[in-house]
Structure formats: structure tokens, C-alpha cells
Amino acid sequence: MHAVSADAVIVTSGLSKDYGVGRGLFGLDLEVGRGEVFGFLGPNGAGKSTTMRLLLDLIKPTFGSARVLGLDAARESLEIRRRVGFLPGDWTLYPKLTGRVVLDYLAQLRGGVDERVRDALVERFDVELDRPIRQLSTGNRQKLGLVQAFMHEPEVLILDEPIAGLDPLVQQSFHALLREVSAQGRTVFLSSHTLSEVERVTDRLAILRQGRLVVVDSLENLRKVAVQRLEIEFAESVDADQFLALAGVKEVQANGRTVTIGFEGSADPVVKAIAAYQVLSIRPREDDLEDIFLRYYQESPA
Amino acid sequence: MSWPATRITLRLRRTGTLSAAVGLIAVMAAVGALFPAVGHTIGKLNVPAGVANLLGGADYGTITGWFRSEIAEIYGPLVIAALAITSAAAATAGEEEDRILALVLAHPIRRSRLVAAKAAAIALIVFVIAFAVWVGLIVGVAVGGGGITFVHMTALAVQLGFFGLASGAVALALGAGTGRRSLAVGGAAAVAILGWLINSFAPLVTAITWLKYLTLFYYYAGYDPLARGIGFPGLTVLGLVTLALTATAIITFERRDLRA
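Each protein sequence line maps, in turn, to chains A and B. Using the working numbering, read the first sequence as starting at 270 and increasing by one per residue. Using the working numbering, read the second sequence as starting at 7 and increasing by one per residue.
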């Protein structure tokens with residue numbers, strides 16, 4: 270056991286929720302520090318939402334416990350919920366009512382919020398307040414969800430798949446908001462099933478797989494072990510198999526004159542080898558989260 | 007209690023409740039208008055006892071009998087139970103299935119207060135319908151030429167209101183306890199309809215007469231409020247059932263996991 274740092278805002282110890290047949294969350298030990306933007310990654314069904322629901326006492330743990338802001342998640346949930354903003358995954362709220370009515374209601378449940386903060390968020394995300402929620406697109410509904418999560422200036426934000434459905438411009442303004450919030454010493458715990466959504470904003474991330482924590486580390490460290498891929502377009506056909514012999518290369522796929530090479534560590538051997546040919550273009554392919562999963566999955570004893 | 011939660015529940019049910027109330031008053035005025043004609047034709051027929059009981063101890067010869075069989079036995083309880091049950095199921099299990107509760111309960115509100123707030127909204131909806139029945143009776147009886155005392159009309163509306171509360175509480179307990187809307191609606195509707203059937207047939211089949219004491223319907227209509235006034239034992243039973251079921255709803259909801 271390691272000592273819990275004084276700055277830890279979210280701490281789980283052995284947190285478990287057993288839904289049977291291997292589903293659920295098993296023995297989660299996690300610590301998220303003040304001011305961190307912490308990414309919680311994993312494929313669907315890995316236990317990300319379950320963890321968030323446990324933190325908010327929407328469900329009770331089978332074993333283990335969690336503390337948020339030093340408060341017990343089960344016994345002191347009301348105070349936790351006062352100080353936390355939550356965006357549920359795939360959220361909806363009263364489809365017949367307008368965004369304005371719904372925001373008013375949620376603000377009333379908190380005993381009121383600072384209207385200037387709310388209005389600034391509405392403006393920032395360009396939220397449609399006067400149409401019934403069922404008429405909003407997924408992205409517009411998501412923006413409304415973000416406003417309600419941030420409007421009371423919570424110390425901790427628990428956001429389940431916040432980026433889903435947001436267009437790139439809104440994503441940028443969301444990322445900017447996260448940086449501001451983090452700079453103010455507020456903590457963000459957000460989930461995603463794709464790395465590309467969170468890589469620009471997270472300080473550290475945890476990868477969850479089938480209800481178990483696979484790894485917790487900084488993005489930088491994870492990158493080092495991740496498979497990178499380069500898509501190289503040659504001027505003429507080349508023998509792709511030769512690249513397999515290079516140090517660090519894990520996979521090679523040829524498609525006409527285009528060869529995709531996946532490798533670990535330094536790109537140097539690959540770059541040197543392809544320099545022997547006429548290269549028309551080199552495109553980096555996005556790091557694939559699945560590769561990181563796979564990597565850790567293979568390493569962990571079965 | 008949480009007034010915001012009560013208000014939003016009422017807002018969501020406003021249109022349905024008000025149209026049902028207006029519809030009730032209109033139907034009861036029409037029922038009243040039909041009485042003079044019916045009373046002198048069907049009212050003079052010799053209807054078999056079984057059919058008569060199914061139609062609410064049909065006695066179409068008097069305005070009390072006419073309103074008893076048309077409104078008190080069928081239309082009134084049907085409308086009030088339907089509104090109470092659908093509102094109670096929607097406000098608890100429905101919101102849970104629509105994933106609304108997951109967000110609402112991430113706010114600083116106790117589950118018990120939320121259920122109490124929903125229960126208060128449902129009680130208000132029931133009150134509006136019972137009030138419409140009362141207005142409808144006054145209008146309908148006046149249109150039909152009078153003949154039921156003000157006290158007895160009030161008694162039916164009060165008794166019916168308590169029946170609505172108890173029926174809604176069944177749906178509330180099932181909805182808050184299980185988080186399944188279809189189960190809450192189906193279970194509470196089954197309780198209401200079985201109760202009505204048992205009370206219709208119990209007078210005919212002595213072997214099942216005792217069953218009527220297990221139904222909410224008996225405590226609503228068993229005393230015949232339109233002819234005899236308020237039956238306080240029945241009101242007490244309905245009130246206690248409502249309180250017990252609401253408490254059950256709160257306790258079970260407080261303890262269980264929210265459905266994903």
C-alpha cells in the first residue's frame with residue numbers, strides 16, 4: 270500500500286461492482302490529484318461509467334470504497350454531489366422541455382447558480398436554449414450537458430464521454446475550458462473510448478479493460494510503448510516484407526505502392542530504410558488506443 | 007420535499023391532466039343530459055342481476071343510480087386511476103429508464119426527497135381530477151334535473167380522490183422499487199382492474215365475496231358515497247395504503263442501485 274497523497278481529490282481503494290458473468294468493476298485503485306485532467310479510457314463495457322456512477326452513489330459498490338474531495342462516496346454523497354459536476358454518458362433530459370427550462374430546474378436543485386457563469390457558458394458553446402431538447406442534434410444536446418456540468422463552478426468534474434458528438438470547433442473550445450478549469454486547481458475526470466479525443470487535454474490516463482485497471486501513466490510514457498504507424502507512399506512498388514526485419518517494426522501492410530509500417534520506439538530505422546526509395550508522401554496514422562490496450566494486455570499475466 | 011422537482015413533474019403532466027379534467031366535466035354534463043330520456047326508457051327495463059352488477063348495480067331509474075353506474079363505477083375511477091398510475095410510473099421508473107434520474111440524482115438532492123416531491127405532484131394531479139369530477143357532478147346533475155345532494159356529490163369526489171391516490175401509490179411503489187415503467191403501469195393497472203372486476207362479480211359469487219376486502223375499489227365505492235355520503239372507514243384504509251406504499255417507495259428507492 271502506498272500513502273494517499275494529501276492532494277488527492279478522487280481516491281478509490283479496491284472499488285468493485287460485480288454484475289456477474291465477469292461484468293463490472295474489479296478492485297479499482299486509483300488516485301486523481303487536484304487540478305489534474307485525468308483521462309479514463311477503455312472500450313465500451315470496460316467499467317468506466319460504472320466507476321463514475323459509484324463515485325456519485327448512483328450505485329453501491331460490492332466491495333471497496335471511494336472518496337471524493339476527502340468525503341466518503343457512500344455516506345457523504347450529498348456534499349460530494351454539491352461540489353461535483355457530472356455529465357452522464359449519452360445523457361437526455363425531458364425531451365419536451367427546452368434547454369432553458371431544464372437548466373433552470375437543475376440550477377434550482379443546487380439552490381441556484383451564478384447566472385453570469387451560466388450565461389458565459391451558454392455563449393461560449395453557442396447553446397440553443399429555446400428549442401425542446403428532442404429537437405436538438407446530438408452535438409447540441411451534448412453542449413447543453415456541458416453547460417449544466419460546469420455552471421455551478423464545481424471543484425470536480427466527472428464527465429462521461431464528453432466529447433462524443435461535438436464538432437471539431439466545439440471540441441477546441443471544450444479543450445480550452447478544461448485547461449482553464451485545471452489552471453484554477455479544479456479537477457477533471459473524463460472518460461473516452463478513443464485516445465485521440467483526450468490526448469490533447471489529459472495529464473495522466475488510466476486504461477481499463479474488462480473491469481480491471483490495466484495501466485495508469487502519463488500520456489508521454491504510454492506513447493513510448495505505443496505502436497506508431499507511418500503510411501508511406503512510394504513512387505514505385507517495393508518489397509514490403511523487407512521492412513519487417515527492421516528493429517522495432519511490428520507489422521507491415523502493403524496496398525499497391527502504399528505501405529503502412531507499425532513500429533515501437535524510435536522511427537529512425539524505418540526512416541533510414543525507406544530513404545533508399547523515392548518517397549511521395551509520409552503520413553502518420555493516429556496512435557490507436559487498441560494497440561496500447563493490446564500491448565498491456567499481452568504483458569499482463571493471463 | 008423538493009419544490010423544483012414537484013413543479014417540473016406537474017409541468018410535464020399539465021396538458022394531459024387539464025385535458026382529462028375538461029373531458030370529464032364535458033362527459034358528465036352529457037351523462038346528465040341523457041338522464042331524462044334514459045330514466046324513462048332503460049330505467050324501466052328488468053335487467054338481469056349479473057348484467058346490472060357489472061354496470062355498477064345498474065339502477066337507471068334514478069339519477070343517483072344513473073350517475074353511479076356511468077360515472078362512479080366506471081368512468082371516474084378509470085380516468086383518475088389511469089392518470090395517477092401513468093404519472094407515478096413516468097415520474098419514477100420512466101425517468102430512470104430515460105436516464106434522466108442519473109443526472110438529477112447527481113445533484114445534491116436526497117432520493118427520499120425526490121420521491122416525496124414526485125408523490126406530491128401526483129397527489130396534486132389526483133386532486134385536480136377529483137375536483138373535475140366534483141364540478142362535473144354538479145353540472146351533470148343540474149343538467150339532468152337535480153336529485154343528488156351536494157354532500158353526496160362531494161363525498162363521491164373525495165372518495166374517488168383517495169382511490170386515485172392509492173392507485174397512484176401502487177405505481178409509485180412499483181416504479182421506485184424496480185425502476186421498470188411497464189411493470190409499474192401493468193402492476194398498478196392490474197390491481198385497479200382486478201379490484202373493479204372482483205367488486206362487480208363478488209355480489210354474485212358468494213365464494214369470492216371476501217375477496218372484495220382486498221381491493222382498493224371496495225374502500226372507494228363499497229359504501230356507495232353517491233347515495234350514502236363519505237365512508238370514513240374506506241377513506242382511512244385508502245389513506246393508510248397510500249402512506250404505506252409511498253413509504254415503501256422511498257425506502258426501496260433509497261437503498262437500491264439506479265438502473266444503467
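Please note that the accuracy of each hint is not assured.
[To be verified] To give a feel for the contact side, a few chain B residues facing chain A, derived at Cβ under 7 Å: (1) Met-7; (2) Ile-14; (3) Ile-106; (4) His-113; (5) Pro-209; (6) Asp-263.
I should point out that these hints are in silico values taken from the structure, not numbers from a laboratory. Bear in mind the structure is a predicted one, so any value in this text is a computation, not a measurement. C-beta: ideal position from N, C-alpha, C; glycine also.
Hint check results:
This hint is violated: Met-7 of chain B has a C-beta 13 Å from the nearest C-beta of chain A, more than the 7 Å allowed. With 7 Å as the threshold, the beta carbon of Ile-14 of chain B comes within range of chain A, its nearest partner Cβ sitting at about 5 Å, so the hint holds. The criterion of a C-beta within 7 Å of any C-beta in chain A is met by Ile-106 of chain B, whose closest approach is roughly 5 Å, and the hint holds. Checking His-113 of chain B against chain A: minimum C-beta separation of about 4 Å stays under 7 Å; hint holds.
The restraint placing Pro-209 of chain B at the interface with chain A is violated, with a minimum CB-CB distance near 45 Å, outside the 7 Å limit. Taking 7 Å as the C-beta cut-off, the interface hint given for Asp-263 of chain B holds, the closest approach to chain A being about 4 Å.
Consistency note: the structure conflicts with the earlier hints numbered 1, 5.
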